[in-house]
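S.K.: Numbering (the working numbering), first residue to last: 1229 to 1648.
The hints are simulated quantities; they were obtained by calculation from the structure and are not laboratory data. None of the values given here were measured: they were computed from a predicted structure. Check before you lean on any hint, since a few could be wrong.
Pairs of lysine to aspartate or glutamate, EDC-like flavour, derived with a Cα cap of 16 Å [unchecked claim]:
no.	residue 1	residue 2
1	Lys1538	Glu1476
2	Lys1538	Asp1463
3	Lys1436	Asp1458
4	Lys1436	Glu1454
5	Lys1282	Asp1386
6	Lys1436	Asp1452
7	Lys1436	Asp1463
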Amino acid sequence: MRMFPYAHATHPQWQMAAALVLAQLRAQMALADYAANPTLALLYVTDHYAAHAKDILEHLSGELPLVTDWSGTVGVGIASNNVEYFDEPAMAVMLMDVPSDQYRVFSGVAPLGLGFEAHTALVHADGSTIELAELVREMAGRTSAGYLFGGLTSSRGDSVQFAVAADGNLSGHGSASGVFSGGLSGVAFSEDVALVSRVTQGCSPVSKARTVTDADHNVVVTLDGEPALDVMLRDLQISLDQPQEALEVVRATLVALAEPAQDKAPGMVRNTGNLGSEVTVRHIIGLDPGRRGIAVAEVVEPGAQLALCKRNREAARADLVRICAEIREELEPQELSLELAVALQPDEAQAAPHPARRIAGAVYVSCSGRGGPHFGSASAEMQIVRRALGDVPLVGFFAAGEIAADHVYGYTGVLTVFTE
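I would like the entire structure built from these sequences, with the hints used as guidance.
M.R.: Quick look at the structure:
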């Protein structure tokens, strides 16, 4: 598996952006370190191009005849290595050097069949799909690793997904255009496709984890047997006697939720101060003074774990750096020769990735509420990833919800690296 050719461009006319992307891809495919004959492509476009999705797919697939399988979606923003495109017309493409017998593209018209054993899957989903959370869990259950990664389409216009399978609608895509709305689509990978994936919550806990001992739908009534509202006021050091001040603090606070803790499972708040990947973060949407409870944007069951957290720039940066460091640690050899240690010094991370890291390409799906502005400047989030991983092939999009394992998250980033 060689490095994945990738390209990105912005232009008011999609035809010009496509021409720039194709020129970049062809130049990389001519290099020895990059794949020359990939058959799988990921395509992400901003919602400025959503109305032209069919034309874009037909044009790119016609110009790249060796690429028989396509997957992707639209976002209010898209990402590539070191750059983010928000509120401007743009597209990004990555050609994945994965043997055709080790993946399958699936969609509503070409569901994942019984003839392929999926280990993991990249999933794009429409957030308006009925019982989406259940569909994601069901899809995860159909993979041997129980692990999905991806996100929900985000668009101010058409919410579209790209899905073309070589074993389905190939010649002219048959009766289907390869552009869909609703449901789930994506790419399932076999066990032979090695990848490393991590979730960054971007939040820092401001209280210890407690057990929900009583709940009514989305209202948490008691925590560890105490009224939930009283616990929250105490943890946040606020009082309803000063309602305006208390309201501002509550608005800046979120809740982290996790399934009931198992005896041998790590706590939802790690010793390092970050939240575990099994945690979902949700807004506080109201207070219930009568029952001394708090209402959250999620149905909560008794026995769940809950902690209060804050979402800010410092926490987001620190947690993103953490997951990048975890990926690097997993990919790099434990024992380095002097020559290799010198080659992997920080300066090298600004250039091409060292072979020791074995990174062929990466996909990053982040929340549409994150991105550069949340990290302090334009493209700051992707610049952090580049500084940590090096100049690796990377594409992705900013989603209306992120998918990792069998969960649908919010306010997170899901970074997945494919290894050689």
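S.K.: Against each hint, give a clear statement of whether it holds in the structure.
M.R.: Here is how each hint holds up against the structure:
Proximity of lysine 1538 to glutamate 1476 is assessed by CA-CA distance (about 12 Å); at most 16 Å being required, the pair is judged to hold. The straight-line distance between the Cα atoms of lysine 1538 and aspartate 1463 is roughly 12 Å, inside the 16 Å bound, and the hint therefore holds. With a CA separation close to 15 Å, the supplied pair lysine 1436 and aspartate 1458 stays within the 16 Å bound. This hinted pair checks out: lysine 1436 and glutamate 1454 have alpha carbons roughly 14 Å apart, not beyond 16 Å.
Proximity of lysine 1282 to aspartate 1386 is assessed by CA-CA distance (about 12 Å); at most 16 Å being required, the pair is judged to hold. Of the pairs offered as hints, the one joining lysine 1436 and aspartate 1452 holds, with about 11 Å between alpha carbons and a cut-off of 16 Å not exceeded. Taking the CA atoms of lysine 1436 and aspartate 1463, the gap is about 9 Å. The hint holds against a cut of 16 Å.
In the structure shown, no violation is registered for any of the earlier numbered hints.
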